[in-house]
Amino acid sequence: MSTITAPVRPIEEMEEIAVRFAGDSGDGVQLAGTQFTTSSAIFGNDISTFPDFPAEIRAPAGSLAGVSGFQINFSSHDIHTPGDAVSALVALNPAALKTNFRDVREGGIIIVNEDSFDKGRLKQAGYETNPLEDGSLSKYQLYKVPISKLTREAVKEMDIGSKQADKSRNFFALGLVYWLYGRDMEPTTKWIKEKFASKDPSVAEANIRVLKAGYFFGETCEFFPVRYHVGKAKLTPGRYRKIGGNEATALGLVAAAHQAGRDLFYASYPITPASDVLHALSRRKNFGVKTFQAEDEIAAMASAVGAAYTGVIAVTGTSGPGLALKAEAIGLAVMTELPVVIVNVQRGGPSTGLPTKTEQADLMQAMYGRNGECPLCVLAACSPGDCFYMAVEAVRLATRFMTPVILLTDGYIGNGEEPWAIPDPKSLPKIEISNAQPREGHDFMPYERNHELARPWAIPGTPTLQHRVGGLEKQDITGNVSYDPDNHERMIRLRAKKIAGIASAIPELEVMGPSSGDLLVLGWGGTYGAIKSAVQRAQKRGQSVAHAHLKYLNPMPKNTADVLRKYKKVLIPELNMGQLRFIIRSEFLIDAIGYNKIKGKPFLISELELKINEVLQGGAQ
Amino acid sequence: MSTLPVLKAADFASDQDIRWCPGCGDYSILAQVKKILPETGLRLENMVFVSGIGCSSRFPYYMNTYGIHSIHGRATAVATGVKTARPDLAVWIVTGDGDGLSIGGNHMMHLIRRNLDVVVLLFNNRIYGLTKGQYSPTSELGKKTKSTPYGSVDNPIHPISFALGAESTFVARTMDTNVKHLCDVLKRAHEHKGTSFVEIYQNCNVFNDGAFEYASDKDTKADTTLMLEHGKPLIFGKNREKGIRMNGVTPEVVQLGGDIKEDDLIFHDERAPDSGLAFALSRMHHPHFPEPMGIFRAVEAPIFEKEVQRQVDTGLAKGRGTLEKLFNEGDTWTVN
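From first to last, the protein sequence lines are chains A and B.
Under the numbering used here, the final residue of the first sequence carries the number 621; numbering is consecutive throughout.
Under the numbering used here, the final residue of the second sequence carries the number 336; numbering is consecutive throughout.
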């Protein structure tokens, strides 16, 4: 290799940069994004990611429907969202450019693979003229890079075909962006070696060459006038890793079972975007985890009920349509009062809806979507890392109160990643379970409750405690089938009271900001990051705004009503038509204002800020 | 170690009043199950009876074992959870033609193909009893019921053929009134390692009385049923004068004597690796054929929950994971 003296480029210091990779769903943009995330996390930035992909695995190449995107926001300060506006877009084809360029901030960078802007693909993307030449991108810094050609060049000495070479294109783009933002290539080269070296060393070699070629292209070509630097974020000292919500949920379940001293049984039917929880847990045989890929959603839930009866930590996971199918068997778990955790990674609905897009529209389904008076505990995680803690909470509450617990996450936090302060296992709550034991001279009563109204958990194999459970109404205390009218009402009220009593076992609702004032923004679930950022900005402007976020939705923390009543107005932003607002209004008669977005996308901080301003100025109803 | 008390049939009875209609075939099945269980050596506390919805599914309430009376069609799925989580427990599933083959047909298929080591008792009375008399998936074509006043146009399914199609490793048919045969089949079902699928002809004397009279009536049963015996030729009739021979790939009824000898008949082989013969037998229906009773098929195959356990044990053999290691997997970094 000849030595070239690289021109020295000025480095501009930035606080926060959002980069988006976009291309065909087979182009490896998710992989490029994940690698960029890892490098940035290891470097010490705060990060937040948003993978956004189509439901089709490989829609026709070059089509608008097939565009897959991955956005990462990295910063030198605390961030909570993947970023409102994109600083740099890497578009690997015309369709990717067309569907993404509007999100780039004015003056932002657009890097395109020039080689893919041929007549056919322009037409496929619906371009009548070439956007690289017609001036339509004049508001941006446009960089036309012949990525396909340069990728093939980089591996031409190797004995691999052009088809194989083309597969490495994403690494060229990644290398180029690494140079632009001063990222270290080492974590990625290490990853490539681990991933490909044993399968096919030539693929590993090709990918590394292409990655470096991209990097050196940035360095040697006088294309980019400046490089950018984002310093390390001031995170709380400790050991970190990056984590996505689904992975965190899986880790939380393993940890909870460990803390309970029980084996974990996880039954699930493949469904987007929840399947990754099943994948993650199926690898954990060394923790005694049994995974069961059931024949359908119903069987997954029913088998979890069966497993719970035997004394293990029983969990099922799904997304909205699957929760609908599980409803009857969840009712059985309510009636038999068995501890089962149901994880619902929400997606856009109704029906099949938007499988790969995020939404918060299953709150009502989780709360009320069963026949009869059928209360259970509902929790919601608020960020990728929080999925871990809420999964532990779900198991803790399910086993303590002998009840099914629905844990709501969503596609946004399930697939999104952030730095995660690795917890000290010793800091996790111990989950105490005491199964019923035989008592001399005492007939076992399966529905004799403790002071918290939980019934005893007697597990098969225990002599003299044989008992039958089922979906028919139970006689109080004995658990025998009963059709007695008074008993039915008593049992309905007992089940409701037990769930309401969980409020004594959960933390109070915390407020970020003033404890009273003009406005409280109340959220739940995955909107946490955007709401927190918007409220922080409002507070910096001197507005009297606070943020509270519900992680316990049924029951709600005991102080919820008190908190809400301390503010003149309550604003509830949700990615649905106002489901929490409906509950808050009916429970507390508080005339909360809604802000609702149903586009399959998370909130932008800026749109929440606008809404906060509007409400404070008295404009919103 | 103290020796465990020997259990009697009465020990398996719960204290609940039995609420089936007087004269229901279910009583006999319950009695025979309680009769054979002491012989199996199973302990009350190590058994779980799982059922769905329907008359037959009240069964667990009458047993002094652990039990789950689950929801319609899902007994097999609930039982899969019980057995997979706890392979040490003996799991018996009680279901009916509606519960097991209509609303629960899908789960039944998957339970059978996975070959969990459980017993399935499918009470077939060819009617919906608990909902008071609608046709079921095993009701014959043309059957007039409350929901089919002009006769059913719904082609029935044959449970034995269904089970064989789902790769069953043990398939048998017996009958509520043939007490000895029922006991023998139940014992074999218990002994089999894998899913034991037992179809039990069961009379619903309220909504479908006499559905299997042809097979229970003293005067006709010798001609309308055929007792399967492993390694023996298929012979039936009052005077054992008739047999079943293969004509090409289909069975046919032949008269013994003359040119046709016993050796020309089909010899039953319940252990045949291929289920073809068992399937051909499962297609023999009244009135064109005598209906085979007994064990159609009994073969060994890997058992689901044991394979699941084996993978877990292999994982654990390398040392149980620690949370410390789990949390620190992959790339980590320290912030000072």
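Simulated from the structure, these hints should not be mistaken for laboratory data.
Beta carbons: idealized from backbone N, C-alpha and C, even for Gly.
Don't take each hint at face value.
[Unchecked claim] List of simulated lysine to any residue pairs, SDA-like, C-alpha gap at most 20 Å:
#, chain 1, residue 1, chain 2, residue 2
1, B, K143, B, K35
2, A, K430, A, S504
3, A, K430, A, Y389
4, A, K232, B, K325
5, B, K318, A, S282
6, B, K325, B, V335
7, A, K167, A, K195
8, B, K325, A, S504
9, B, K146, B, Q134
10, A, K430, B, Q134
11, B, K218, B, H230
12, A, K193, B, E329
13, B, K8, A, G461
14, A, K426, B, E213
15, B, K325, A, G461
[What the hints assert, rightly or not] Covered stretches of chain B (chain A as the covering partner; in silico rule of three or more C-beta atoms under 8 Å from a C-beta of chain A):
#, segment
16, 58-67
17, 86-97
18, 105-119
19, 316-323
[Claimed, not checked] Here's a subset of chain A near chain B, in silico, CB distances under 10 Å, partners left out:
#, residue
20, I42
21, K190
22, W191
23, A197
24, K199
25, H258
26, A260
27, D263
28, F292
29, A307
30, Q466
31, L472
32, I492
33, L494
Each hint, compared with the structure:
Proximity of K143/B to K35/B is assessed by CA-CA distance (about 35 Å); at most 20 Å being required, the pair is judged violated. Between K430/A and S504/A the alpha-carbon distance is near 18 Å, which keeps this suggested pair within the 20 Å criterion. Our distance criterion of 20 Å between C-alpha atoms is met by K430/A and Y389/A, whose separation comes to about 13 Å. Distance check on the hinted pair: K232/A and K325/B sit about 26 Å apart at the alpha-carbon level, beyond 20 Å; violated.
The suggested pairing of K318/B with S282/A holds, with an alpha-carbon distance near 16 Å, which does not exceed 20 Å. Among the hinted pairs, K325/B with V335/B is consistent with the structure: their alpha-carbon atoms are about 19 Å apart, no more than 20 Å. At most 20 Å may separate the alpha-carbon atoms for a hinted pair to count; K167/A and K195/A meet this at roughly 15 Å. Between K325/B and S504/A, the direct Cα distance comes to roughly 34 Å. Violation of the 20 Å bound is thereby established for this hinted pair.
For the proposed pair K146/B and Q134/B, the alpha carbon gap of about 5 Å is at most 20 Å, so the pair holds. Between K430/A and Q134/B the CA atoms are separated by roughly 53 Å; this puts the pair beyond 20 Å, and the hint is violated. At roughly 24 Å between alpha-carbon atoms, K218/B and H230/B are farther apart than 20 Å, so this suggested pair is violated. For the hint pairing K193/A with E329/B, the CA-to-CA distance comes to about 18 Å; that is within 20 Å, so the pair holds.
Taking the CA atoms of K8/B and G461/A, the gap is near 19 Å; set against the 20 Å cutoff, the hint holds. For a cut-off of 20 Å, the pair hint linking K426/A to E213/B is broken: about 68 Å separates their Cα positions. Straight-line distance between C-alpha atoms of K325/B and G461/A comes to about 33 Å, which puts the hinted pair past the 20 Å bound. By the rule of at least three residues with a Cβ nearer than 8 Å to a Cβ of chain A, the coverage given for the segment 58-67 of chain B holds, with 7 such residues.
A stretch counts as covered by a chain when three or more of its residues have a beta carbon under 8 Å from one of that chain; for the segment 86-97 of chain B and chain A the count is 3, and the coverage holds. Using a Cβ-Cβ cut-off of 8 Å, 4 residues of the segment 105-119 of chain B lie near chain A, which meets the minimum of three, so the contact claim holds. By the rule of at least three residues with a Cβ nearer than 8 Å to a Cβ of chain A, the coverage given for the segment 316-323 of chain B holds, with 7 such residues. Among the interface hints, the one on I42/A holds; its C-beta lies about 5 Å from the nearest C-beta in chain B, closer than the 10 Å criterion.
Interface restraint check: K190/A against chain B, minimum CB-CB distance 9 Å, threshold 10 Å, status holds. Nearest Cβ of chain B to the Cβ of W191/A: about 9 Å, under the 10 Å cut. The hint holds. For A197/A, the shortest C-beta to C-beta distance to chain B is roughly 18 Å, which exceeds 10 Å, and the interface hint is violated. Because the beta carbon of K199/A sits about 20 Å from the nearest beta carbon in chain B, more than 10 Å, this interface hint is broken.
This hint holds: H258/A has a C-beta 6 Å from the nearest C-beta of chain B, less than the 10 Å allowed. The beta carbon of A260/A comes no nearer than 13 Å to any beta carbon in chain B, farther than 10 Å, and the hint placing it at the interface is violated. Contact between D263/A and chain B, as hinted, is supported at the beta carbon level, the nearest pair being about 7 Å apart and thus within 10 Å. Residue-level restraint check for F292/A holds (minimum Cβ-Cβ distance to chain B is 6 Å; threshold 10 Å).
Among the interface hints, the one on A307/A holds; its C-beta lies about 4 Å from the nearest C-beta in chain B, closer than the 10 Å criterion. Contact between Q466/A and chain B, as hinted, is supported at the beta carbon level, the nearest pair being about 5 Å apart and thus within 10 Å. Here the hint on L472/A is kept, as its CB sits about 7 Å from the closest CB of chain B, short of 10 Å. Interface hint status for I492/A: violated, as the beta-carbon distance to the closest one in chain B is roughly 19 Å, over 10 Å.
Checking L494/A against chain B: minimum C-beta separation of about 20 Å lies over 10 Å; hint violated.
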